[in-house]
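Asks: Residue numbers (the numbering used here), protein chains in the order written: chain F, 1 to 660; chain H, 1 to 582.
No wet-lab data here; the hints were simulated from the structure. If you're wondering where the values come from, they're calculated on a predicted model, not measured in any experiment. Hints are supplied without guarantee of correctness; some may be wrong.
The calculated lysine to any residue pairs, modelled on SDA-like cross-linking and capped at a C-alpha distance of 25 Å, are [what the hints assert, rightly or not]:
{"hint": "1", "chain 1": "F", "residue 1": "K553", "chain 2": "F", "residue 2": "W502"}
{"hint": "2", "chain 1": "H", "residue 1": "K10", "chain 2": "F", "residue 2": "T530"}
{"hint": "3", "chain 1": "H", "residue 1": "K91", "chain 2": "F", "residue 2": "E558"}
{"hint": "4", "chain 1": "H", "residue 1": "K71", "chain 2": "H", "residue 2": "Q48"}
{"hint": "5", "chain 1": "H", "residue 1": "K229", "chain 2": "H", "residue 2": "F202"}
{"hint": "6", "chain 1": "H", "residue 1": "K96", "chain 2": "F", "residue 2": "S49"}
{"hint": "7", "chain 1": "F", "residue 1": "K396", "chain 2": "H", "residue 2": "N191"}
{"hint": "8", "chain 1": "H", "residue 1": "K96", "chain 2": "F", "residue 2": "K591"}
{"hint": "9", "chain 1": "F", "residue 1": "K436", "chain 2": "F", "residue 2": "D368"}
{"hint": "10", "chain 1": "H", "residue 1": "K91", "chain 2": "F", "residue 2": "D368"}
{"hint": "11", "chain 1": "H", "residue 1": "K91", "chain 2": "F", "residue 2": "I551"}
{"hint": "12", "chain 1": "H", "residue 1": "K91", "chain 2": "F", "residue 2": "V458"}
{"hint": "13", "chain 1": "F", "residue 1": "K436", "chain 2": "F", "residue 2": "R420"}
{"hint": "14", "chain 1": "H", "residue 1": "K71", "chain 2": "F", "residue 2": "R417"}
{"hint": "15", "chain 1": "H", "residue 1": "K91", "chain 2": "F", "residue 2": "I433"}
{"hint": "16", "chain 1": "H", "residue 1": "K96", "chain 2": "F", "residue 2": "G257"}
{"hint": "17", "chain 1": "F", "residue 1": "K553", "chain 2": "F", "residue 2": "W501"}
{"hint": "18", "chain 1": "H", "residue 1": "K91", "chain 2": "F", "residue 2": "L556"}
{"hint": "19", "chain 1": "H", "residue 1": "K96", "chain 2": "F", "residue 2": "E87"}
{"hint": "20", "chain 1": "F", "residue 1": "K436", "chain 2": "F", "residue 2": "V458"}
{"hint": "21", "chain 1": "H", "residue 1": "K91", "chain 2": "F", "residue 2": "L185"}
{"hint": "22", "chain 1": "H", "residue 1": "K96", "chain 2": "F", "residue 2": "P7"}
{"hint": "23", "chain 1": "F", "residue 1": "K161", "chain 2": "F", "residue 2": "I96"}
{"hint": "24", "chain 1": "H", "residue 1": "K96", "chain 2": "F", "residue 2": "K161"}
{"hint": "25", "chain 1": "F", "residue 1": "K580", "chain 2": "H", "residue 2": "I90"}
{"hint": "26", "chain 1": "H", "residue 1": "K96", "chain 2": "F", "residue 2": "G409"}
{"hint": "27", "chain 1": "H", "residue 1": "K96", "chain 2": "F", "residue 2": "T530"}
{"hint": "28", "chain 1": "F", "residue 1": "K396", "chain 2": "H", "residue 2": "I90"}
{"hint": "29", "chain 1": "F", "residue 1": "K396", "chain 2": "H", "residue 2": "V132"}
{"hint": "30", "chain 1": "F", "residue 1": "K396", "chain 2": "F", "residue 2": "A416"}
{"hint": "31", "chain 1": "F", "residue 1": "K86", "chain 2": "F", "residue 2": "L185"}
{"hint": "32", "chain 1": "F", "residue 1": "K396", "chain 2": "H", "residue 2": "Q48"}
{"hint": "33", "chain 1": "H", "residue 1": "K91", "chain 2": "F", "residue 2": "A432"}
{"hint": "34", "chain 1": "H", "residue 1": "K96", "chain 2": "F", "residue 2": "R255"}
Okay, the calculated bits of chain H under chain F, using three or more residues with CB under 8 Å as the criterion [said to hold, decoys possible]:
{"hint": "35", "segment": "125-138"}
{"hint": "36", "segment": "174-187"}
{"hint": "37", "segment": "268-276"}
Here a beta-carbon is modelled for each residue, glycine too, at the ideal position from N, C-alpha and C.
Each chain, letter by letter, is given below.
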Amino acid sequence: MVVENFPEIIDWLFGDGQTTGAIFVFLLVLLVAVLLGLFAGFVIASFRSGPGEAFYSVARVVAGAGPDWFRMSPRRIGAIARLAIKEASRRRVILIAFLIFSVMLLFGGWFLGTGEHPDRVYINFVMWGSQLLILMLVMLISAFSLPDDIRNRTIYTVATKPVRTSELVLGRVLGFTAIGTGLLLLMGLVSLLFVWRGLSHTHEIAVGEDGRVRFGEVDRKTSGHRASENALLETRTTVESSHQHFVEIIEDVRRAGDPPPGDAASIISQEQRGDTMVYKRLQVSHDAGHSHAISVSGEGNDAEYELSDARGFFRARKPLYAERLIFFGREGEPRREGFNVGDQWTYRGFVDGGVSLARAEYLFEDFDPDDFSNPDILPLELTLGAFRTVTGDIHKRIRAGLQFEGYVGEGEAIPARRFRSELIEFETEEFAIQVKGIPRKIPGQIYGPKGELLESGVYDLFDDFAPQGRLKLIVRCLDEGQYLGMARADIYFRVAEQAYWWNFVRGWLGIWMQMLIVASLGVAFSTFLTAPVTMLGTICAIIFGFFSESIRKLALGEISGGGPIESFYRMVTQMNQEVKLADTAGVQIMKSIDSVFIGMIGAVTRIVPDFSTLDFSRFLTYGYYVDNDRILVALLVTVAFCVGATVAGYFCLKTRELAG
Amino acid sequence: MNPSTSFRRKVIYLVLAGGLLIPLSLVSRPASRDRDNRISDRGGVLSQLRESNELSPARLSEIDPASETMKLASLGLRGLAVNLLWLQAIKAKDEKEFDVFASTLESLVKIQPTFIRVWEYQAHNLAYNVAVEFDDYEQRYHWIKKGIHFLTEGIPYNRRDHRIFDNLGMFTGHKFGRADERFQYRALFRNDDAFHEEMSRFVPIDQINTPFGPDNWLLAYLFYDRSVKMVDVEKLPQHRKDMIFFQYKPAQLRNMGMSMQAEFRAGEYARNLWDRAHGEWLEYGNRPLYFEGDRNRPPVTLESLTQSIEKVRNLREDLDALAPSGIRNQLLADKLARLSPEDREMLTRPIDSLDDAELAHYREFTRFLYRDSPVDVQVAEAASSGNRRLADDIVKRIREEDFKIQLSESFRDTMNYDHWRDYAEIESTERGIAARQMQFDAETLTRRSILTEYTERNPVTGEVSRKPGAIQQLDGAYSIWAEVMNDYPQLRTGPLMNEIVDTMSGPGGYMVLRRAAGLDEWPDDFVLQEVIDHRARGQMSFDDHLPTSELLERDRQERGRRGSMVLPDRPDIRFRLEQPTP
């Protein structure tokens, strides 16, 4: 799974050295749009009243725009918005959209609730459904409103009033947005209830034919999930929502003085052994993306067990990512990226294990105890890839090693005491989030500037290792001939867990911003196009918006198969897209025409909104907090497009001869 | 446009739309049946096409509301939805989001439920391509089961298609039983009660039990059995060629035997299993098989090859009786002159007296003598005019029988029929079981590092007895295999001999054990030396590094003494020659 909270707002806005800043792209597009707009206005006016008069017409419109925008009245805008709301309400599309949504939820249960992560399926479903319906609804009402008014001449009832064109456009955008917002709020609330209800369940412990609970030997292998290392006995729960859990009796050994297990109701027995306290307690396995708390009352055959509602579905992890990830090769040399083990998907870089200096270093900055909800135990979460070149020990997963170090910035002097922790070894688990609780005080060594060992002991991660907030995490593969894969977002400290409902709202904010852009585009297009063409144009913009990444790849030639003509040729001749075309004159002509089309497509992807920037569904689906930077980026994109579309709509309506 | 023009146009459109309903109703007219449920009217073209392609919901079993809802929800854009879902599935798989991949497939099959290739392809993706991505074999096992579970979901939509069951057979048999992790998978399978319970919905699951626990190959056997019954009993369409389709079922028993003898010490159960495997393989050999499914041509049976050859020989004698005496001999004389005296002698012997190797030679020679030349036609042409018609008829029958021979030979070669028949037969005998037991014991002793003879004290009686070590156990097994090779010379090449060679030259094999035990010399009178030489002569030794007699002899001559080759440290290192003793 890939959920990244990169880049930061500043890097996005002004560039990070590798990518161009968004502000520069925006200014460029703005300049081109202004010039094109002036030129187009001049050409249209020239057709109407000749080139000489055209210059003055364009100048008049431009000059009049200032007062039009700066003297807008909120009251009049409100009145137009109310009118837009009334108009849309009369069309009953809102009711229909909500009905469709209700039907979706009603029948959605038929397809949901199974698989490894039913929570992901549920969230995806409601977000996708809400997004689709709300965008369609806003597109329809915005596309038909103004053209219908002009066609039915009802626009006169408004145009004859002292209302500015800017107010007419802005009022409609706000009116449609208000309708969409109301419906989206309703959908969001219903969705949250639907997801919560759909995932809510509990189990009972399965009983034998004699009606008794029987714990047996630990034999979990066929489930694909391992039993806990300290499991003594296990049994299963009943099957609910297409899954079941294992209930283990585990031996929880704690040093004297350590606090007892938090879930006291799950303890079966406790026993003092020397200077340790041994608790035997129940634990429910984590399956289908969740677990349950369990409580036991009574003893022996009279014991009664009760499982709580599902726990672990609604997550909003707030990660602290490393500022940089650096890979090192077998001889310890820094590399731009990790090894490629032959995957088509090159998101993760790999380091090899055994007698090799290959490693990955995660450099954390701002590693501050105040950011952690519990700075005594730091949850380090890892999603590592594994690749074997030899079968090795088939019974064990590939082992990884973690080590912490302090580090200094570039140009800074090497400190007299450098801290390095002892190696933390563990078996990796692919395609799952592994959580390692790193204690604040960990055993390690202190080295001098020349690498000489000064002392060993237990040291504080914050105060000793990272007094300046700089912490290095070194990840190694420990098995000869095997590889571990990782990317920057694959390892992070979970600093806190945010409230789910708040994250849900933030996730829904993305849909709201998409809706705002669609409303603006719909109104802007409808100022100079007929309703069906407006609808088509808006649909195209939405499609381009959602698939902008793929379309951009097509424009950059990263997708084989050529442009539209070449693709068509390949389709009708059933030619594979990887087969090279003969170098004939016909092919050259075809490619030349295609290059024009591709150039146009590439240009379009620059001016249509990239809806993936506004889509936060992955954060909700995988249980990550939508951070402020993401929302700020999305807000800036939304404001840029809405303002641009509204201003463009204003000029189009301004120059349109309503009387004609 | 005035209102009347607009109205007129609307009326015309309405009439045209209404008019189109007439041809539509004609082509869609459903088939009707009489009281005896026989089709009295085949209906319109669309109905007929639906019927012939088995696309009508009634034939596709019950209508699934979830599937129909999904189709309706796509608002007529099913094709587009299918494409989008395929793209999403491919992307999810490439980016290793396997739970997204699996849930996308759930949606995909709801809108393509009767497209059998989708079930086959995506189930293979889950069980083979996704499963292998996991580092942990327990998770791999879990994803193989997901692929199997996915396939079973396709059964209600494709009740008339045996291919789902074929795939279930392959996944449960081949994937669990042949993968690198087969020992682990099979062990997991034996204890997977929940999975057995799930499979009990499709096959009589109690039939997969063995004294060692439930066996995956037996489950595969039951799936293939069901597939065969769909074709044989329910007379449903068969989508694979006879030769391939009918061999799956008996092959599972053979595979099971091979897996079991690698995991457990062979005994009575193994002997009975091999006996059953041999019987079912013979049953396959006696089954009429059609060439390319063409029911208009006569079928062949693999076991009838000898009879067909005998029949052709008899027909040729009948033909010769109609022609002037000695004509065939004259025609064949030139060709026979090119053969060696031994080969000529073999051609004169009764067909039943030939062993399989000689039979293969015989088939080559007869092909050389007859098939590539019109000898039979020339003999028929030499017949008197009164016998000409009869002679032509015999030639026709010879050609028909010859076609069967060709087909039978081709099928037998493709399926390695003879080899697997003999293999199963040998394994079901006492000596086969004994050889396997010795090999198993040798492996057990090797694990305990007992390579040569050792003594064992009975803890109760205190009696001390001598026991063979791993090397002696292997020597014993090789002696039995040498006898077998003597009786079945055709087995000197093929899977059985490859297995035996693996025990000699593979890691932890005979050569390595001898070296480890200080027995550096290759035995002068090694019982399987002739077989090693035979493999080398046929260039089938594939660098097994086993010393041939020629190599041993050259070594002796070079040194002018009777010496033995020193074994290599590892099988892939060239031989070092023993230092001459002064």
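Asks: All hints are to be evaluated individually against the structure, with a verdict given for each.
Replies: Cross-check of the supplied hints:
no., hint, in the structure
1, F:K553 with F:W502, "violated, 35 Å"
2, H:K10 with F:T530, "holds, 22 Å"
3, H:K91 with F:E558, "holds, 16 Å"
4, H:K71 with H:Q48, "holds, 23 Å"
5, H:K229 with H:F202, "holds, 13 Å"
6, H:K96 with F:S49, "violated, 62 Å"
7, F:K396 with H:N191, "holds, 20 Å"
8, H:K96 with F:K591, "violated, 35 Å"
9, F:K436 with F:D368, "holds, 18 Å"
10, H:K91 with F:D368, "violated, 38 Å"
11, H:K91 with F:I551, "holds, 15 Å"
12, H:K91 with F:V458, "violated, 46 Å"
13, F:K436 with F:R420, "holds, 18 Å"
14, H:K71 with F:R417, "violated, 68 Å"
15, H:K91 with F:I433, "holds, 21 Å"
16, H:K96 with F:G257, "violated, 45 Å"
17, F:K553 with F:W501, "violated, 36 Å"
18, H:K91 with F:L556, "holds, 20 Å"
19, H:K96 with F:E87, "violated, 48 Å"
20, F:K436 with F:V458, "holds, 18 Å"
21, H:K91 with F:L185, "violated, 32 Å"
22, H:K96 with F:P7, "holds, 23 Å"
23, F:K161 with F:I96, "violated, 33 Å"
24, H:K96 with F:K161, "violated, 60 Å"
25, F:K580 with H:I90, "holds, 24 Å"
26, H:K96 with F:G409, "violated, 36 Å"
27, H:K96 with F:T530, "violated, 45 Å"
28, F:K396 with H:I90, "violated, 30 Å"
29, F:K396 with H:V132, "holds, 15 Å"
30, F:K396 with F:A416, "violated, 40 Å"
31, F:K86 with F:L185, "holds, 19 Å"
32, F:K396 with H:Q48, "violated, 58 Å"
33, H:K91 with F:A432, "holds, 19 Å"
34, H:K96 with F:R255, "violated, 41 Å"
35, 125-138, "holds (count 6)"
36, 174-187, "holds (count 3)"
37, 268-276, "violated (count 0)"
Of the hints listed earlier, those the structure fails to meet are numbers 1, 6, 8, 10, 12, 14, 16, 17, 19, 21, 23, 24, 26, 27, 28, 30, 32, 34, 37, in rising order.
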